[in-house]
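S.K.: Counting with our numbering, you get residues 251 to 506 for the letters of the sequence shown.
Fair warning: there could be bad hints in the mix.
No farther apart than 30 Å at their CA atoms in a straight line, the calculated lysine-lysine pairs in the DSSO-like style are these [said to hold, decoys possible]:
#1 Lys-490 with Lys-322
#2 Lys-437 with Lys-322
#3 Lys-437 with Lys-490
The calculated label-pair distances, taken between Cβ atoms and stated as ranges, are [stated by the list, open to error]:
#4 Asp-494 with Pro-432: 35 to 41 Å
#5 Gly-323 with Ala-462: 20 to 26 Å
#6 Ala-462 with Gly-423: 22 to 28 Å
#7 Thr-400 with Ala-270: 16 to 22 Å
#8 Glu-439 with Ser-354: 39 to 45 Å
#9 Ala-270 with Arg-420: 35 to 41 Å
#10 Ala-462 with Glu-393: 45 to 51 Å
#11 Glu-439 with Gln-365: 47 to 53 Å
#12 Ala-338 with Trp-308: 18 to 24 Å
#13 Ala-297 with Pro-432: 25 to 31 Å
#14 Ser-357 with Thr-400: 27 to 33 Å
#15 Val-359 with Gly-491: 36 to 42 Å
#16 Arg-273 with Gly-423: 37 to 43 Å
Hints were generated in silico from the structure; no laboratory data involved. Glycine is no exception: its CB is placed at the ideal position from the N, C-alpha and C atoms.
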Amino acid sequence: MLQAIDHLAVVTRDLDTAIAGYRALGFTVMPGGRHARASHNALVAFADGAYLELIAYWEDGRAHRWWEPLQKGGGLVDFCLGTDNLDADLAAFRRAGVTMEDRSAGSRVRPDGYQLRWSSCAPARDQQGVAPFIIEDGTPRAERVPRETTHANGVTGVGVVTVAVDDVARAAGWYAGPLGRPGEPVKREDLGAAGLRFRIGPHALELLAPVAAGAGPLAEWLARRGPSPYAATLLGGTPKGPLDPARAQGARFVFV
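Take these sequences, add in the hints, and give me the full structure.
M.R.: Written out as structure tokens, the structure is:
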């Protein structure tokens, strides 16, 4: 069963720069470690159980699915949903029309030497960032996610992740089946967009498309980046409003 947004992936060219930027924004940033291949990360954990993954490459990562989005500017490029039954949810997404890869084993070695293990499934590259990747822990999740969840800026969790799409009905079909319910209509006049919102545990996901072809911020984003995560709100943070995108490594985060 899909439980919640597990984490949001923010890809950057330099991990140390990202860590400094997020600390300057008032976040408590904890070392993550090295993955088995190409990448390393740092984590920003929240009281609601979700976290931000700041990720960069310590060697040539062009085979990794986030390498191409990095070349387009990086920032918020993907999101992960947590599950307690990976095989069942993998099958549900496939039935809904998502081309999901087979489950694969993942691992990361923390700075203290502890090896984390999990299994995950990702969608095909042409569906990445609109369809989620999903994860089930092998080692306890409490070992994967930092226990430090208090931040100087007051953030307590993730609110809404906004995903820019060019076909709301198609993308919504990928979620209605696995979640067992249809999305709720939503309009965003500030973006010149409309679409559907899905609740996943304590979090929400908006699938939005421009109302008028070629008009508005979301249309500009689609022309530049294609269907992909556009922004996310973070709850409890101050001062209210958008974060400095330079310090956030290109990610569009808004404190609400």
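S.K.: Hint by hint, say whether it matches the structure.
M.R.: Verification of the supplied hints:
no.: 1; hint: Lys-490 with Lys-322; verdict: holds (28 Å)
no.: 2; hint: Lys-437 with Lys-322; verdict: holds (27 Å)
no.: 3; hint: Lys-437 with Lys-490; verdict: holds (21 Å)
no.: 4; hint: Asp-494 with Pro-432: 35 to 41 Å; verdict: holds (37 Å)
no.: 5; hint: Gly-323 with Ala-462: 20 to 26 Å; verdict: holds (25 Å)
no.: 6; hint: Ala-462 with Gly-423: 22 to 28 Å; verdict: holds (23 Å)
no.: 7; hint: Thr-400 with Ala-270: 16 to 22 Å; verdict: holds (19 Å)
no.: 8; hint: Glu-439 with Ser-354: 39 to 45 Å; verdict: holds (41 Å)
no.: 9; hint: Ala-270 with Arg-420: 35 to 41 Å; verdict: holds (40 Å)
no.: 10; hint: Ala-462 with Glu-393: 45 to 51 Å; verdict: holds (48 Å)
no.: 11; hint: Glu-439 with Gln-365: 47 to 53 Å; verdict: holds (48 Å)
no.: 12; hint: Ala-338 with Trp-308: 18 to 24 Å; verdict: violated (35 Å)
no.: 13; hint: Ala-297 with Pro-432: 25 to 31 Å; verdict: holds (30 Å)
no.: 14; hint: Ser-357 with Thr-400: 27 to 33 Å; verdict: holds (28 Å)
no.: 15; hint: Val-359 with Gly-491: 36 to 42 Å; verdict: holds (38 Å)
no.: 16; hint: Arg-273 with Gly-423: 37 to 43 Å; verdict: holds (40 Å)
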